[in-house]
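Letter by letter, the sequence shown follows residues 1 to 227 in my numbering.
By construction, these hints were calculated from the structure, which means they are not laboratory data. Accuracy of the hints is not assured; some may be wrong.
[Claimed, not checked] Computed cross-link-like contacts, SDA-like style, restricted to lysine to any residue with a CA-CA straight-line distance of at most 20 Å: (1) 37 x 116; (2) 4 x 73; (3) 56 x 136; (4) 126 x 19; (5) 14 x 74; (6) 56 x 68; (7) 56 x 15; (8) 4 x 77; (9) 115 x 175; (10) 126 x 175; (11) 36 x 136; (12) 37 x 136; (13) 126 x 74; (14) 56 x 83; (15) 56 x 66; (16) 4 x 15.
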Amino acid sequence: MVRKTFENELQQVKDSVLVLGSMVEQSIIDSVEALKKRDIPAAEKILMADKDINKKRFQIESQLLILIATQQPMAHDLRLLASCMEIISELERMGDYAKGIANINIRMGDSPLLKPLIDVPRMARKGADMLHRALTAFVNEDIETARAIPVEDDEVDALSTRSTGELMTIVIGDPTSIERANWLLWTAHNLERFADRVTNICERTVFVVTGELGEISDTDSEFWKSE
Numbered sequence: 001m002v003r004k005t006f007e008n009e010l011q012q013v014k015d016s017v018l019v020l021g022s023m024v025e026q027s028i029i030d031s032v033e034a035l036k037k038r039d040i041p042a043a044e045k046i047l048m049a050d051k052d053i054n055k056k057r058f059q060i061e062s063q064l065l066i067l068i069a070t071q072q073p074m075a076h077d078l079r080l081l082a083s084c085m086e087i088i089s090e091l092e093r094m095g096d097y098a099k100g101i102a103n104i105n106i107r108m109g110d111s112p113l114l115k116p117l118i119d120v121p122r123m124a125r126k127g128a129d130m131l132h133r134a135l136t137a138f139v140n141e142d143i144e145t146a147r148a149i150p151v152e153d154d155e156v157d158a159l160s161t162r163s164t165g166e167l168m169t170i171v172i173g174d175p176t177s178i179e180r181a182n183w184l185l186w187t188a189h190n191l192e193r194f195a196d197r198v199t200n201i202c203e204r205t206v207f208v209v210t211g212e213l214g215e216i217s218d219t220d221s222e223f224w225k226s227e
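From just these sequences and the hints, can you work out the full model?
Take a look at the structure:
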């Protein structure tokens with residue numbers, strides 16, 4: 001009975017992590033959509049949503065601390081709870097990237113976008129999709145998926161590189177556009193960092209299952225070959 005209760009509490013924590021992840025996914029998509037439309041009220045709503053993300057993170061942290069203190073978990077269960085603690089911290093930071101994009105939108109004031117947003121929304125959608133699948137892999141302890149997802153970060157990096165190149169070309173032709181270019185460069189940077197943090201979540205999935213901590217760079221890395 002005690003074990004069953006503990007398992008139920010673990011599932012509640014996993015469910016809460018998925019809810020937090022969903023909030024972050026929506027926030028990053030909404031922040032880019034608001035920027036694309038130059039919708040300031042929508043950007044302000046994202047700032048409010050970030051407070052909800054932070055609140056949810058601390059609620060989950062309290063759950064985790066209570067479980068660790070009262071159940072004194074060992075081995076797999078302790079790795080799972082410790083990894084949840086790390087993941088919710090990652091998710092809060094990822095929410096901050098969405099907040100950063102919303103702040104960019106607000107600070108731009110009445111300035112029009114330097115160029116139509118094409119690759120930036122693609123970066124946001126890709127990052128959100130990677131996050132969704134990474135969290136699903138975590139709760140299902142699916143290490144094969146967890147090991148495969150980080151390779152997709154190259155797609156986000158490629159989109160960021162292409163967007164940066166286009167912006168630099170515009171600035172070279174019109175140096176007065178540098179400030180507006182910088183707003184979009186910071187947006188792309190936030191989205192690139194968002195996707196980078198998905199890899200950290202995938203690494204925690206591997207840790208929970210195998211007990212081994214290590215970086216996932218690609219599927220052919222020496223770390224995985226040594227297994």
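Consistency of the hints with the structure:
| no. | hint | in the structure |
| --- | --- | --- |
| 1 | 37 x 116 | holds, 10 Å |
| 2 | 4 x 73 | holds, 14 Å |
| 3 | 56 x 136 | holds, 18 Å |
| 4 | 126 x 19 | holds, 19 Å |
| 5 | 14 x 74 | holds, 18 Å |
| 6 | 56 x 68 | holds, 19 Å |
| 7 | 56 x 15 | holds, 12 Å |
| 8 | 4 x 77 | holds, 13 Å |
| 9 | 115 x 175 | holds, 15 Å |
| 10 | 126 x 175 | violated, 31 Å |
| 11 | 36 x 136 | violated, 29 Å |
| 12 | 37 x 136 | violated, 31 Å |
| 13 | 126 x 74 | violated, 36 Å |
| 14 | 56 x 83 | holds, 17 Å |
| 15 | 56 x 66 | holds, 16 Å |
| 16 | 4 x 15 | holds, 17 Å |
The structure fails to meet hints 10, 11, 12 and 13 from the earlier list, while all remaining hints are met.
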